[in-house]
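Undergrad: Each chain is listed here by its residues.
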Amino acid sequence: MEGLASPAFLAALLAGMVTAAVPLLLAGLGEQISEKAGVLNIGLEGMMLFGAYAGFWTAWQSGSFALGFAAGAAAGVATALVMALLCVRLALDQIVVGIGLTLAGEGATALLHHFQLSRSYPRLEAVATWPVPGLADLPVLGRAFFDRSPLVYLAVLLPFAILLVFRRLQFGLNLQAAGDRPAALDAAGVSVTATRTAAVLLTGGLAGLGGAYLSTVGAGLFVPFMTNGAGFIAIVLAMLARGRPLNVLWGALLFGLCLALTTAVQVAGLAVPTDVVQMLPFAAVLVVLVLFGRRAGLPAALGRPYRRGEE
Amino acid sequence: MGSRALAAFGLRFLLPVLAALVVGGLLLLAFGADPIGYYATVVERGLLSPIGLQASVTRSAPLLLIAAGLIVAFRAGLWNLGADGQFLLAAVFVAAVAPPLAGRVPHWLMLPAAFAVGAAVAALWSLVPALLKALEGVNEIVSTLMASFLGVSLANVLIKLPFNDPTTTVPQTATLAVDQRLARFPGTTVHWGVLLGLVAVIAVHLLLERTAFGLRLRVLGENPRAARHVGLPVRRLTVAAFALSAGLIGLAGAVEVLGVQGSLRADWNPAYGLLVVPLVFLARLNGWATIATVLFFAVLMIGGESAARRTGVPTYYLLVQVALMLLAFAAVRAVEARRGRG
Amino acid sequence: MSGAAPAAEPPAVVLKGLTRRFPGVLAADAVSLEIRAGEVHALLGENGAGKSTLIGLLSGLLQPDAGEIRVDGRPVTIASPRAARRLGIGTVHQKLLLVPSLTALENLLLGAPWWRPVDRRGALRRFEALRGLLAAAVPPDVPVGRLALGQQQQVEIMRALWHGERILLLDEPTAMLTPEGVRELAAVIGRLRAQGLAVVLITHKLGEAFDLADRVSVLRRGRVVGALSPAEVATLDRRAATARVIGWMFGRTEAQGGEVPLRPRPPVDRSGPPLLDLRMASVRGEAGEPALRDLSLRLWPGEVVGVAGVDGNGQTQLAEALAGQRPLSGGALILDGRDVSALGVAGRRAAGVRYLTDDRLGEGSVATLPLSLNLLLERIGQPPFWRRGLPQDRPIAENARHLIAAHDVRAPSEATPAGSLSGGNLQKLLLAREADPAARLLILNKPTTGLDLQATRRTRALIRAGGGTAGAALLVVSNELDELLETCDRIAVMEGGRICGIVDAGPGAEAAVGRLMLADRAA
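If you read the protein sequences in the order shown, they are chains A, B and C. Numbering of the first sequence is given in our numbering, commencing with residue 1441 and proceeding in unit increments. Numbering of the second sequence is given in our numbering, commencing with residue 538 and proceeding in unit increments. Numbering of the third sequence is given in our numbering, commencing with residue -15 and proceeding in unit increments.
These aren't lab readings, by the way, just hints derived from the structure by calculation. Just to be clear, a hint being listed does not mean it is correct.
As the list claims (entries may be wrong) - Covered stretches of chain C (chain B as the covering partner; in silico rule of three or more C-beta atoms under 8 Å from a C-beta of chain B):
1. 320 to 330
2. 342 to 349
3. 357 to 367
4. 372 to 383
Said to hold, decoys possible - Per label pair, the in silico range of CB-to-CB distance:
5. A:Val1712 - B:Pro643: 38 to 44 Å
6. B:Phe546 - C:Ser406: 27 to 33 Å
7. C:Pro367 - A:Leu1731: 42 to 48 Å
8. A:Asp1577 - C:Leu108: 32 to 38 Å
9. B:Glu873 - A:Leu1507: 41 to 47 Å
10. B:Leu543 - A:Leu1731: 53 to 59 Å
11. C:Asp323 - B:Leu543: 56 to 62 Å
12. C:Ala390 - B:Leu543: 39 to 45 Å
13. B:Arg875 - A:Leu1604: 35 to 41 Å
Even glycine gets a Cβ: it sits at the ideal position worked out from N, Cα and C.
Please work from the sequences and hints to get the whole structure.
TA: Written out as structure tokens, the structure is:
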């Protein structure tokens, strides 16, 4: 038990927290952008899986993590393209298509793994980190927060960037209008379809990037269904964040902590089955929903496709 | 059915299926597998061989019950995406309760009791999302998904700790003796749980189409604001619909344990919950069509498991097929809507 | 009315033979019009005459099937709202199209290229300029959803002029305004006209057309059936002009409303206890919605009471509170001597309350269900239509056929899904459902919106005769004052969730109501 309070354990726990949080953060921010524009993207899990596989495979073949991340993002965008076509353009039910994309992601990446990776089970080496001079040497906190790969720093800065976009860029106004009153956006001469498509594609890219991080850095390998509900957790994070990007950051860290506890408990040699610890994040969400459920402020036009003249 | 209705049915139903099979086949080609060989094996092993056919029919039992549960929820306008958790928790409790009960109580009493336990556990597990939706308007997609993940983990914990059978090396529950399980049709390996599944789907269909309660659920699903306006007890209906939906899914878990496995081992999750969703949508939430899609899918499953050994195409391919069917169905719907609106 | 600018240059907009069809209806039939700069041109017509279609065609929401539009002499195609703006045409729609969660400034900025940073400083400057021109009192940085309707409309007018548009289309702009608001709008229109803009005013109110416009064109069933030139508008006296317009609109010289001799309503006996006693009722409102505050109202059996007032002052909330759709957060509701405050919709229904909603498609009916079931939505499970939970097809069908015939609902059969009914027929269906002889309190929310003239007259006559009930009290919510004057014994005026006064019907009622609507505006 005394190992639990040791600095080494804490450092490992915090480092694990950040590692687990990054995919949730990226996917969650992406989902928030979609939801702001009025699209409920249930297919996030599928996009993350496609990104995870594409990212891993590219990084493995090319030796470059950066290429892997790019490939992951691209795979996510490609998946999101299907969503944009079916849901935004053709106005089909967003939840039905989202479930389809999730199943497709699970099945296709598992198949790909079987045919391409299951003989060799390749592993990636640890990614190079960019230590922040000075801060990286701090006890406990240094290794967890200031000695990470560049994508982590980018991911943490992303909520602030998105906040700027929401408030300071016309595109941000367009997003908000598309989710709140699409007919008004249309009347202002801006294409609701284009705005929502852009939002969905951004979501795909971020989700794919998150998936790529999960496979290349978080695990260093690809296993079928490895996201294990991360996409759905990201959806929950986005819903609870009530339109504020920073809330997604805090939520992702919280969830990351719960997920990191699973490994930490194993490492500490406690006799608690991992399943119990795995229950923590989901139970936490349910508790939050029970306590604060009513006040999750979602955009009025969420989930409803837009057709001109139909108001 | 007139010829025009038949043609319409063919288009709406067969087209997505065919499209999915063709696109899937192309995917297999890209992987270097032989799609024709694969599908031939699937048909041969899943449908044409007597053992395979029986296995397919047996497999359809829990799927039919889950489908019945989903239809009730979806037609009431509720997204019950928590089927996996409800299914496993029900199965776990049935697996834990049945063996000791079988020793103390006659067989004809043990079975209904076990079924009741399964339905009750699943219905209780749906209570939190149901109340959150009914009382606070919390989106049930999120709450049922979370409850599902929680339920799956909880089921594992229960199997590994309190319900664990100490006599086995692998963590699992105590095994129910074969002669205590659901009886089989003479000369076959199919247990009568299938009948339960068929009856459930048809009963749900009739309930929704031809009873006052079913009409209330449909009004709630088609126009929740109208439901409030005309004085329907929306909160009570929401909870009731969830309970009914989850209860049927719980019966699926019971059928799985009592009919096939006799016990439950840890870390087993067939994830039927999401798999059945496309099947009910393909059938447009109609009971009779659902029976067809579920049986069809069961053949794909059983045939696919056999084909995995023979042709080297893993069972993951099933997920892809089902996803393609759903997306193709969505595309067909888009075309219909376009044409309808002129 | 007032002097118009002389028409020296070519007209700003010319419509020539413009035609547009919808399934089953010719919404615009070879319409030819001229719209001139510095002139206010009113398009006058009944509901369904084709006014909205013309607005749609001019603002880029609709495309014509035939005919041509010329702007400043050049033939153009207005393919989208953006194209309309580029041609200098600004539109203020009847239903305000603002994003509630964005501020006025942000709403006005909507439409700039997406990559540009939000230029609040520059926008504020333009905003101040327009605010001066319109003499508007609108805060630039409050979310628009929290502004009053009149202010929102001012933002809309600003938006229509934001890029220097010179042609302004106003679709039924006074529908949601108080008499004071109408005066303000008239002043704004006058100022714009003086600036040389061409203003097109769509309305169904004669008085408004004469008060505000220089030129009047009359539409009927998609065609221009008559026009009054500026000279005629200026010189003809009101009665003669009205008679001419009525003649065009209805093909006969019968005046509309107020001059048809109505059978006098029987006097209401208020000696006994009231049928409805609403005491100090309070209802919580949602964000941006008015709440009801300490509202008291009494209705006696057989009387018809109207609720007037500008839309959005709590009228619908009152109706919903009476029907049980909104819980009372304070006060009590006594019906027939019984306290029913705690009852929900079903309980109130059992106590005799019926509510004809204005939201016919959104909450009044289920589009996919047949008419026969829609007529029984409030009685699901009850005998003789259901026995032991199972539907009895014969009684259900017969009930439907009887009601459909009695209320003249035009539909192929009682099995037709409600969603395929036209708006007017859907209204008749709902009226058939709610006009129950067993009712004790019948609430009608905007019962004649969207109905053609014949159905409107029929409905008003039915209301005057007691709404098909036997001795019930009727509450009629309407934003058409003439409707209330025609049908009601008393008229209550609502503002800000309160009743600010009740006026007895009779001579002078219209003026009294107008005064009441004005009195609280000063606050």
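Undergrad: Compare the structure with the hints numbered earlier in the document and write down the numbers of the violated ones, lowest to highest.
TA: 8
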